[in-house]
Each structure stands twice: as structure tokens, then as C-alpha cells.
Amino acid sequence: MNSTTEAKSISQTGRCFPEEDKPAGNTCVADISRARTCGIFLKAVTENLHGMKFIVLLLMLILVFMLAYPLVNSWDFFMEIPISNWLSFDWEPDDDYFGMGIQMTGSFLLVLTTLPLAIIMGWVISLQLVENRKNWLNPAIVGILEVWISLPSIIIGIWAIIEIIPVVRNIFGGNGYSLLAATIGMTIFIMPTCTLLFYRSYLLHLDQYQGLESSFQMSVLSRSELFIKSQPTAVIGTINYIFCRIFGETMVVLMVSGNSLQVPGNLLDGFRTLTATIAMEMGYASGMHATALFAMASVAIIFILFVLLVQYKRLIHA
Amino acid sequence: MLKIVRQRWILWLYMLMTMSIIATFIVPLQFQYTTSGIIFGTIVTTLGAVLLAALPAYLIAGVMAGIIRLPKWLQSLTSVMVYILAGMPSIILGVIGFLLFSDTLGFGWSMLSAMLTLILLLYPTLVTAFSQLLRPFNQRYGMAAKSFDIGPVEFLFRLSPAYQKGKILEALILGWATSLGDTAAVMLTCGALTSFPESVMDSIRLLNYHIFLLAMDIPGGMPEARSLSLLLIIFLLFLFITPRIAHRYFSED
Numbered sequence: 002m003n004s005t006t007e008a009k010s011i012s013q014t015g016r017c018f019p020e021e022d023k024p025a026g027n028t029c030v031a032d033i034s035r036a037r038t039c040g041i042f043l044k045a046v047t048e049n050l051h052g053m054k055f056i057v058l059l060l061m062l063i064l065v066f067m068l069a070y071p072l073v074n075s076w077d078f079f080m081e082i083p084i085s086n087w088l089s090f091d092w093e094p095d096d097d098y099f100g101m102g103i104q105m106t107g108s109f110l111l112v113l114t115t116l117p118l119a120i121i122m123g124w125v126i127s128l129q130l131v132e133n134r135k136n137w138l139n140p141a142i143v144g145i146l147e148v149w150i151s152l153p154s155i156i157i158g159i160w161a162i163i164e165i166i167p168v169v170r171n172i173f174g175g176n177g178y179s180l181l182a183a184t185i186g187m188t189i190f191i192m193p194t195c196t197l198l199f200y201r202s203y204l205l206h207l208d209q210y211q212g213l214e215s216s217f218q219m220s221v222l223s224r225s226e227l228f229i230k231s232q233p234t235a236v237i238g239t240i241n242y243i244f245c246r247i248f249g250e251t252m253v254v255l256m257v258s259g260n261s262l263q264v265p266g267n268l269l270d271g272f273r274t275l276t277a278t279i280a281m282e283m284g285y286a287s288g289m290h291a292t293a294l295f296a297m298a299s300v301a302i303i304f305i306l307f308v309l310l311v312q313y314k315r316l317i318h319a
Numbered sequence: 002m003l004k005i006v007r008q009r010w011i012l013w014l015y016m017l018m019t020m021s022i023i024a025t026f027i028v029p030l031q032f033q034y035t036t037s038g039i040i041f042g043t044i045v046t047t048l049g050a051v052l053l054a055a056l057p058a059y060l061i062a063g064v065m066a067g068i069i070r071l072p073k074w075l076q077s078l079t080s081v082m083v084y085i086l087a088g089m090p091s092i093i094l095g096v097i098g099f100l101l102f103s104d105t106l107g108f109g110w111s112m113l114s115a116m117l118t119l120i121l122l123l124y125p126t127l128v129t130a131f132s133q134l135l136r137p138f139n140q141r142y143g144m145a146a147k148s149f150d151i152g153p154v155e156f157l158f159r160l161s162p163a164y165q166k167g168k169i170l171e172a173l174i175l176g177w178a179t180s181l182g183d184t185a186a187v188m189l190t191c192g193a194l195t196s197f198p199e200s201v202m203d204s205i206r207l208l209n210y211h212i213f214l215l216a217m218d219i220p221g222g223m224p225e226a227r228s229l230s231l232l233l234i235i236f237l238l239f240l241f242i243t244p245r246i247a248h249r250y251f252s253e254d
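Just so you know, the protein sequences line up as chains V and G, in that order. Here the first sequence is numbered in the numbering used here, starting from 2 and rising by one per residue. Here the second sequence is numbered in the numbering used here, starting from 2 and rising by one per residue.
So here's chain V without its partners, still in its complex pose (with noise of 0.2 angstroms):
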């Protein structure tokens, strides 16, 4: 029986799909058919699976590489300038000083004041979505999010410096670009994109526990404590996520944070990030001075790397 008559036959029998799977028209089976009697040539080439395996391997490969290669670039930097040089707070690179801390500090102080804000505000916003999504504000919402999510930088770089910097000026005094308007930039850059995680994992839990709106009526425990308790490989999937993202963030802080090389002594005070640095002085620079950048990234790359991995077996189980 040629492949053609023994598609028509299970078409006609129906033993290839269970009647809800049917699909519209019944072309499914027709298809295949012809994907099978047109593609020997293109399965005699590509269904070496041993070639596929190699095409993987190569692929990942290049991504690893990829991601080695400012480590590689900046190998002579950290093999010529002692830990003390670039760990200090000294950032002159035209007179050999390469001290990151500043730039750390400033990434670290962005994360501490932001992380906290933006957990708070999208977990507050996904439970609002979950509670209400029979309701029509739901899709309306979370589309408003899908946007957001997708919304460049520079365009909250630029809301922040018409809205809020002004505002942080007439109330707080100083010139406006500071922590705290980074701070709340960010918060609002970020939350979407927190929110939206929570949003669908908890949808996510609820597919897997049917009976997890009953159980939740039923307990003693808030709808909070409940997910958290059950799902807390996403909880941490997200904040690790959401660091990473804060961490990383580039425009809106180099429009909003001022770029004032120090560490600030309060939220008023302006600073710089590690990614602004980079992005600042990466046109410019030349020599040593190149290679300290690259250094930085370096540096950004392990410590994401190691954030991003410090959960790996329970994220990979999950």
C-alpha cells in the first residue's frame, strides 16, 4: 500500500487522530502524506541525527565563545593591573588608575533601592490580575504590559527626564538627576516585565493544581503565601531575572543618574553604573584604557553568570 492510499484509508477509518483532534478540514493527515512522499531528498540530507547533534553542539559553542570573548580581549588587563588597582575607587584610566568600585557601588545601590520596589509593586499588580481575570480590565491590562515590556528604554529615559526629574528638583532640591530618579525610572521600566512573570507562572501553577482556588478559599494561608510556598523555583526565577535586568540596565540610567563619578551618600546625590561607564566611554577610549573597559564587561558577565546560576539544578528541574 503506497503512502497516499494508506493516508486515505486512515482518513476514512479515522484511527489517526482521536475525533476532538481532529483538525478543521481534515488536511492534517493529507499533509503529512505529502510532506512524506516530497521530502526523501530533504530527509536523506537532514535526518542524520548525529549531524544535528553537531549542529547543536556548534551552535552552543559559538554562543559559549561568544560570551568568553571579552574575557579573552581583556586577559592581559587583569594579568597586568594588580586586584588592589581595580577593586579600588579610583577611576583615572589616563593615569593608570582602573579602580571599579565606584561603578560597582552604584550598580549595587541602583539594584538595593530598585529590586525591593519592583518585586513589590508587579507581585501587588499580578495578584490584582490574577484575582480579576474574568474581568474585561484583565487582557486590556496585560496587553498594556506586553507593550511596555517591548517599549525601548530611552522613551522612559526621556518620560523620566520631562517628569520626574523636575519634580525630584522643585521637591527635594539639587539638580534632579540622582538615585532617586533613577530609582523610580527603573521601578517603572521594570515592574512590567516583574509583573507579567508572576502573572503567568501563577497562571501557570493554577493549569497544573486544579484545585489550588479551592484549597486557596480554604486555607488558612494568603494567596501570596500559598504561591510562594508551592512555586518558589519561579519566585526565585524571577527576582534572579529582575536583578539581572537592573543590574544591566543601561539608557534609562545614563539619561537619569547623572553620571557624577561617585559613591552617593544619599538618594539625592548622582552616580554611575557599571553598563553607563561602558556605554559613556567604550567610543572614545583607546589602549589600556579599552581593555579596562572590556575588563568590566568581564567582570558584569561573571557576576551575572553567577546570579543567573547559582539556582541552576532546581531552574533546570523545573
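What the hints contain is simulated information worked out from the structure, not anything from laboratory work. Keep in mind that this is a model prediction, so the values were computed, not measured. All clues given are correct.
Quick list of the computed label-pair ranges, beta carbon to beta carbon: (1) Asp208/V / Ser77/G: 22 to 30 angstroms; (2) Phe197/G / Pro167/V: 37 to 45 angstroms; (3) Lys135/V / Ile235/G: 27 to 35 angstroms; (4) Gln140/G / Ser215/V: 21 to 29 angstroms; (5) Met16/G / Phe173/V: 23 to 31 angstroms; (6) Phe173/V / Trp13/G: 22 to 30 angstroms; (7) Met144/G / Gly284/V: 51 to 59 angstroms; (8) Asp97/V / Leu14/G: 46 to 54 angstroms; (9) Asn176/V / Ile235/G: 30 to 38 angstroms; (10) Leu306/V / Leu75/G: 18 to 26 angstroms; (11) Ser21/G / Gly284/V: 33 to 41 angstroms; (12) Arg201/V / Thr243/G: 21 to 29 angstroms; (13) Ser77/G / Pro117/V: 29 to 37 angstroms; (14) Phe173/V / Leu75/G: 53 to 61 angstroms.
Cross-link-like lysine-lysine pairs, in silico, DSS-like; alpha carbons within 25 angstroms at most: (15) Lys73/G / Lys147/G; (16) Lys54/V / Lys73/G; (17) Lys147/G / Lys54/V.
Cβ coordinates follow ideal geometry from the N, Cα and C atoms, glycine included.
Once you've looked at the hints, dock chain G against the given chain V.
Just chain G now, kept in the frame of chain V:
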């Protein structure tokens, strides 16, 4: 009415905040420094990057969706790489692109360098989007395809596109929106020339970087930056509505 607002005041507040942010950009349009080279270069670079990234991302999505069965360590490695690249800051990807494509491979500040850098940025987005559409398709038709002796690659590249044109288009449009929204990854690789590009080796200024320069460096450029931002928001909204229509009219499954 008041009761409804009181019950869901957080969601209403969020909607209000979004409206107020968009309202900030509603100003009389002004275009003085924007050239056709910027618009054309942005469209070509971002679209080219999406198309270049689509094939490897689709293949890896097939691995992650369980269509192509590989050793467990290799499957774990693919998942971990997607997870790592998704969390990697775009400026770091820009540094990698600058070092590798602009410097070592000698492409310089060009559209090609920017495209190749954007592939790194788009890879996790596209893999996630593709694997989300491939996983249910595999669960539904995988066994049937096996009974017809259809291999995984044929299933992936022949059957799935035939049935999920709309969903694939949706993922590609999402990728395009992502690449349009990024600045830091390309500001180190594309250059800043505003002239009309004649080949992929020419330097261009991408729209986002142009908006950044208008807002920060060019005196009196802020009104134009606001106008361009508004147009970009409207275009992104259009991009998010289009996939839903595409999905409705092109997906047979």
C-alpha cells in the same frame, strides 16, 4: 461605577499611569534632524537580524520542545544558554559585538555588525516564542507524524510551518519589536552616520540611538526626540495588534 473602581483601583491606577506617560509624548510633531537613511537603515537592520536569527532559534526551539531528541546534557546546555542570554544585559552583548564583529572580524561600524549583534539579543526571545508554539504542536501531532515515518527535522521545517504560519509570523513580529526597542546593544556597533546606506557594510544611525542623541547631545533636540518616541510607540502598538490579526487569518491549526 465608584464601587468597580474601588475594587480594582490598582489596575485602574496602572492604566492611568500608562496614559499619562503616553500623554507626555503628545506634542506637535517636529522633524529637523531625522533623515530617510535613519528610518531605512533601522528597518533593514532590525528585519535582517530577525530573519538571520530565526533559523537557528527555530532549530534550538525544536530541541527545547522535545521534537529533536538529543543527549540530555546537550538539551540542558541549550536551555541554560537561552536562560543566560535572556538575562545578559544588552550593553554586554554590544561589547561582544563590538569586539568580535566590528574589531576582530573587521566589519567595522556597519549594518552587518549591528545585525549580527542583534542576533544575540533576539536569540532567547525567538527561542522562547518558537518553543511555546512548537511544544503543543508536538504533543498533538508528534505521534501521528512518527507513524508516517516523518522525522523530526521534516516535522519541524515542513509540517509545523504549514500549520502554524500565523503563529510563526507572530513570533517573528515579536522579535522585530524587541530588536526595534533596543539601543545599548547596537550603539557600539552600528556607528552614527545619518546618510542613506548603500550596502550592509555602511555605517548607519539606528532610530533609538538617534532619539538618544537628540535627547542628550543635540541642543534643542528634545522636541524631535519626543515626536520620534511617539511615532515609535504607535508603531510598536501596531506591531502588537498585527500578530493577532495574522494569527486569526493565517493559522490553519
